[in-house]
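Once you know that position 74 of the sequence shown is 74 in UniProt numbering, the rest is easy, because the numbers rise by one and skip nothing.
Because the hints were derived from the structure by calculation, they are not lab data. Hints should not be assumed to be uniformly reliable.
[Claimed, not checked] Here are the simulated DSS-like pairs of lysine-lysine, each with C-alpha atoms no more than 30 Å apart in a straight line:
{"no.": "1", "residue 1": "K105", "residue 2": "K92"}
{"no.": "2", "residue 1": "K37", "residue 2": "K72"}
{"no.": "3", "residue 1": "K39", "residue 2": "K72"}
{"no.": "4", "residue 1": "K37", "residue 2": "K52"}
{"no.": "5", "residue 1": "K39", "residue 2": "K52"}
{"no.": "6", "residue 1": "K80", "residue 2": "K39"}
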Amino acid sequence: MLATTAPNSLVMNPTSMLVEMKSFIPSSYTFETEIQKIKQELLQGVLDCSAKDETNEEYLYEMQDIIDHLPKLPEIQQQKLTIPEFDEIEVKATDSVETKKFIRKVNYEFLGFHCNHK
1 MLATTAPNSL
11 VMNPTSMLVE
21 MKSFIPSSYT
31 FETEIQKIKQ
41 ELLQGVLDCS
51 AKDETNEEYL
61 YEMQDIIDHL
71 PKLPEIQQQK
81 LTIPEFDEIE
91 VKATDSVETK
101 KFIRKVNYEF
111 LGFHCNHK
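Given these sequences and hints, build the entire structure.
This is the structure in C-alpha cells:
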C-alpha cells in the first residue's frame with residue numbers, strides 16, 4: 001500500500017489517497033445508484049436519517065422534514081376525451097341580418113361542419 005503522507009508530514013498526497021480508497025470501495029458499488037436509492041427513500045419518507053456525523057444527521061433530518069412538508073402532487077390519470085355536443089341555435093324571423101349571420105356562423109363552427117386547418 002502507498003503511504004498517504006510522508007513521514008512526519010501534515011500534507012496528504014491526493015493521488016495515493018485515491019488509490020487507497022479504491023481498495024475500500026467494492027467494484028460493484030456506484031455513487032449514482034446510492035444517490036438514486038437515497039432520493040427514492042427520501043421521496044417515500046422511509047430514509048434512515050442516522051449518520052456517523054452529527055452535522056450530517058441533522059442535515060438528513062432537515063431534508064426529510066422539507067420533503068415531507070412539500071405539497072403532494074396529484075396522481076396523473078389518463079382521461080377519455082369527450083367530444084362536446086352543442087344544440088343548434090334557431091334563427092328567428094325577428095332577428096336582424098347581422099344576428100342571423102352570426103348564428104349561422106356559430107352553428108356551422110360548433111356543430112362540426114368545418115375543419116380548422118391552419
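(request) Take the C-alpha atoms of K37 and K52, compute the straight-line distance between them, and say whether it is at most 30 Å. (result) 19 Å, holds
- Item | Proposed proximity, K72 with K39 (alpha carbon, max 30 Å) | 16 Å, holds
Taken at face value, is the distance from the CA of K52 to the CA of K39 at most 30 Å?
-> 19 Å, holds
Original post:
Hey, K37 versus K72, does the alpha-carbon distance stay inside 30 Å?
Top reply: OK: K37 and K72 at ~20 Å, within 30 Å.
Would you mind confirming whether the straight-line C-alpha gap from K80 to K39 stays at or under 30 Å? Roughly 33 Å separates the two Cα atoms, so the pair is violated.
Hint consistency between K105 and K92 [alpha-carbon to alpha-carbon, up to 30 Å] = With Cα atoms ~15 Å apart, K105 and K92 stay inside 30 Å; holds.
Checked against the numbered hints given earlier, the structure breaks only hint 6 and satisfies all the rest.
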